[in-house]
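Start from chain A and add chain B according to the hints.
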Amino acid sequence: MLLIECPYCGPRDETDFKCGGEAHITRPEKPADADDQSWGDYLFMRTNSMGTHYEMWCHSHGCRRWFNVCRDTLSNKIHAVYKMGEPPPRVDDPTRSRSQ
Amino acid sequence: MKYSFASLLRNAFSYHENWQSAWRSPEPKREYDAIIVGGGGHGLATAYYMAKEHGMRNIAVIEKGWLGGGNTGRNTTIIRSNYLRDNSAQIYEHALKLYEGLSQELNYNIMFSQRGVLNLAHNQHDLRELSRRVNAIRLNGVDSEFLNPQQTKAFCPILNVSPNSRYPVLGASLQRRGGTARHDAVAWGYARGANNLGVDIIQNCEVTGIRQSDGRVEGVETSRGFIGAKKVGVVVSGHASVLADMAGFRMPIESHPLQALVSEPIKPMHDTVVMSNAVHVYVSQSDKGELVIGAGIDGYCGYSQRGSFPIVEEQINALVELFPIVSRLRMMRQWGGTVDVCPDASPIIGKTPVKHLYFNCGWGTGGFKATPGSGWAFAHTIAQDEPHELNAPYTLERFNSGYLIDEHGAAAVAH
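Residue numbers (this note's numbering), protein chains in the order written: chain A, 1 to 100; chain B, 1001 to 1415.
Wrong hints could be hidden among the right ones.
[Claimed, not checked] Here are the computed lysine to any residue pairs in the SDA-like style, where the Cα-Cα straight-line distance is at most 20 Å: (1) Lys77/A / Arg1306/B; (2) Lys1351/B / Gln37/A; (3) Lys77/A / Gly1299/B; (4) Lys1002/B / Ala1012/B; (5) Lys1351/B / Asp36/A; (6) Lys18/A / Glu1314/B; (7) Lys18/A / Cys63/A; (8) Lys30/A / Asn1400/B; (9) Lys77/A / Ser1304/B; (10) Lys1351/B / Arg46/A; (11) Lys18/A / Glu1313/B; (12) Lys77/A / Gln1305/B; (13) Lys1230/B / Gly1198/B; (14) Lys18/A / Ile1311/B; (15) Lys1064/B / Gly1209/B; (16) Lys1029/B / Gly1198/B; (17) Lys18/A / Pro1310/B; (18) Lys1064/B / Ser1223/B; (19) Lys1351/B / Phe44/A; (20) Lys1267/B / Val1326/B; (21) Lys1064/B / Gly51/A; (22) Lys18/A / Phe1309/B; (23) Lys18/A / Val1279/B; (24) Lys83/A / Gly10/A; (25) Lys1097/B / Arg1115/B; (26) Lys18/A / Val1312/B; (27) Lys18/A / Arg1306/B; (28) Lys77/A / Phe1309/B; (29) Lys1230/B / Arg1057/B; (30) Lys1288/B / Pro1268/B; (31) Lys1064/B / Leu74/A; (32) Lys1064/B / Thr1208/B; (33) Lys77/A / Ile1311/B; (34) Lys77/A / Pro1310/B; (35) Lys18/A / Ala1278/B; (36) Lys1351/B / Gly40/A; (37) Lys18/A / Gly1299/B; (38) Lys1351/B / Asp41/A.
The set of hints was computed from the structure by calculation and includes no laboratory data.
Okay, chain A solo, but in the shape it has when bound (with noise of 0.2 Å):
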């Protein structure tokens, strides 16, 4: 069971949340020049990263609020977590991670 601190609500447990999946994928600037490579990328391709991981969670069964959350996918520890709109913080993190 994960512990996750909601930067609103304060620490709950991780059934009272939703993850939204992969973090800071930005839609295409201009949705009607976008060809079918970038719509592509945009809507399907994923980091997946093993090790730290980015990603996105609602606090759906609580204020209902989205934020960001900074994980490690092998070990499941928290690193982070931040509002929307604030930049991923950097982690250095023994185990294996790909660039974000």
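Below, chain B without anything else, positioned relative to chain A:
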């Protein structure tokens, strides 16, 4: 050596101490015609069919741990081919047909038991969806039939079909040719078969890099040094994105923990397989008497090979509701694997942006049943450098072209 009654008798005289090992453990050569990365069922099947159907002999299978130690040895061993989409029906049905003759072909008992697979409907929507699926599956020439609650109860007497239950059973689809097989034996049988055809099986050898020049593959860097290869096929399930990253491209895959558990062994009481996609519980009874129970995936990415406890709780709730008879049964073991989930719940089998580098991944929660078909199609793809008609639609490009094979919500959430 061929396994037979005569060989069993002969070895009985030496107290079964002189059985030769089922495959060699050779030192890696400097270069191979083809290397398969990943010694699970799919990888070993690929090597076997490359040798047998395409006459390639200079092949190696490289495995970072031990054979079948990943998802091949962690699944709930269910085999079925009742998929909705035409493309899925073809490849899973091909796999099922190969399974039907596999023990004979490999001279290795994979304990394939066609005990039937039931898929339950718990509400009106499930019921309509199930009826539609039964018809679509039959149109594809795959056996499937619809059972009403009484027929379902007759086929699986321990099932709670009371209308007052939390998950009332309103009907079920049945594939009589479906069932289970011993998953380790599938890996070992293919390993032995491939070994007999000259394939080198190299265990405890982790791939750390994929060497390429001018956009074509040259070999793999491993924990035991560089091994050259004209062609490289990667079949590593949950770690597909990691290998793709080594090769310099991205995959539309997310790796999730998926878990299963077994109960203490009890007398035979459940002679079929029951699956309920809606409540994520999949149950069969092994020959040892344990109930084998599969759960759903965790909702977040993970490579930890262990699932979270709330999933187990949810799964056991559903289990006890569907089978009240097991309420006092104790669970003996619980484990997890890392599954590679594709956005459309269908696999990717084919070429990649790197020449002569091929990927077979994205089987998600349901790869075991496809093992022979996957190996068959992937062997053709590597040997001929073009996809077999079975896997032609399963390209990586489909995520850019939009030609998805959408099995989500249809059939493929299950194992």
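A quick look at each hint next to the structure:
1. Lys77/A / Arg1306/B: This hinted pair holds, its Cα atoms lying about 14 Å apart.
2. Lys1351/B / Gln37/A: holds, 17 Å
3. Lys77/A / Gly1299/B: holds, 16 Å
4. Lys1002/B / Ala1012/B: OK: Lys1002/B and Ala1012/B at ~15 Å, within 20 Å.
5. Lys1351/B / Asp36/A: holds, 19 Å
6. Lys18/A / Glu1314/B: Given that 20 Å is the threshold and the Cα spacing comes to 16 Å, the pair holds.
7. Lys18/A / Cys63/A: holds, 12 Å
8. Lys30/A / Asn1400/B: holds, 17 Å
9. Lys77/A / Ser1304/B: Distance of about 11 Å is within 20 Å: holds.
10. Lys1351/B / Arg46/A: This hinted pair holds, its Cα atoms lying about 19 Å apart.
11. Lys18/A / Glu1313/B: holds, 17 Å
12. Lys77/A / Gln1305/B: holds, 14 Å
13. Lys1230/B / Gly1198/B: holds, 17 Å
14. Lys18/A / Ile1311/B: Judged against 20 Å, a Cα distance of about 13 Å means the pair holds.
15. Lys1064/B / Gly1209/B: Distance of about 13 Å is within 20 Å: holds.
16. Lys1029/B / Gly1198/B: holds, 13 Å
17. Lys18/A / Pro1310/B: Satisfied, since the Cα-Cα distance of roughly 13 Å is no more than 20 Å.
18. Lys1064/B / Ser1223/B: Holds, at about 9 Å.
19. Lys1351/B / Phe44/A: holds, 18 Å
20. Lys1267/B / Val1326/B: holds, 12 Å
21. Lys1064/B / Gly51/A: Holds, at roughly 18 Å.
22. Lys18/A / Phe1309/B: Between Lys18/A and Phe1309/B the Cα gap is close to 15 Å, so the pair holds against 20 Å.
23. Lys18/A / Val1279/B: Measuring from Cα to Cα gives roughly 18 Å; hence the hint holds.
24. Lys83/A / Gly10/A: This hinted pair holds, its Cα atoms lying about 13 Å apart.
25. Lys1097/B / Arg1115/B: holds, 15 Å
26. Lys18/A / Val1312/B: Cα-Cα ~17 Å, so holds.
27. Lys18/A / Arg1306/B: Holds, at roughly 19 Å.
28. Lys77/A / Phe1309/B: holds, 16 Å
29. Lys1230/B / Arg1057/B: With Cα atoms ~13 Å apart, Lys1230/B and Arg1057/B stay inside 20 Å; holds.
30. Lys1288/B / Pro1268/B: holds, 9 Å
31. Lys1064/B / Leu74/A: holds, 17 Å
32. Lys1064/B / Thr1208/B: With Cα atoms ~10 Å apart, Lys1064/B and Thr1208/B stay inside 20 Å; holds.
33. Lys77/A / Ile1311/B: holds, 19 Å
34. Lys77/A / Pro1310/B: holds, 18 Å
35. Lys18/A / Ala1278/B: Cα-Cα ~19 Å, so holds.
36. Lys1351/B / Gly40/A: holds, 17 Å
37. Lys18/A / Gly1299/B: holds, 7 Å
38. Lys1351/B / Asp41/A: holds, 18 Å
Violated hints are absent here; each numbered hint is respected by the structure.
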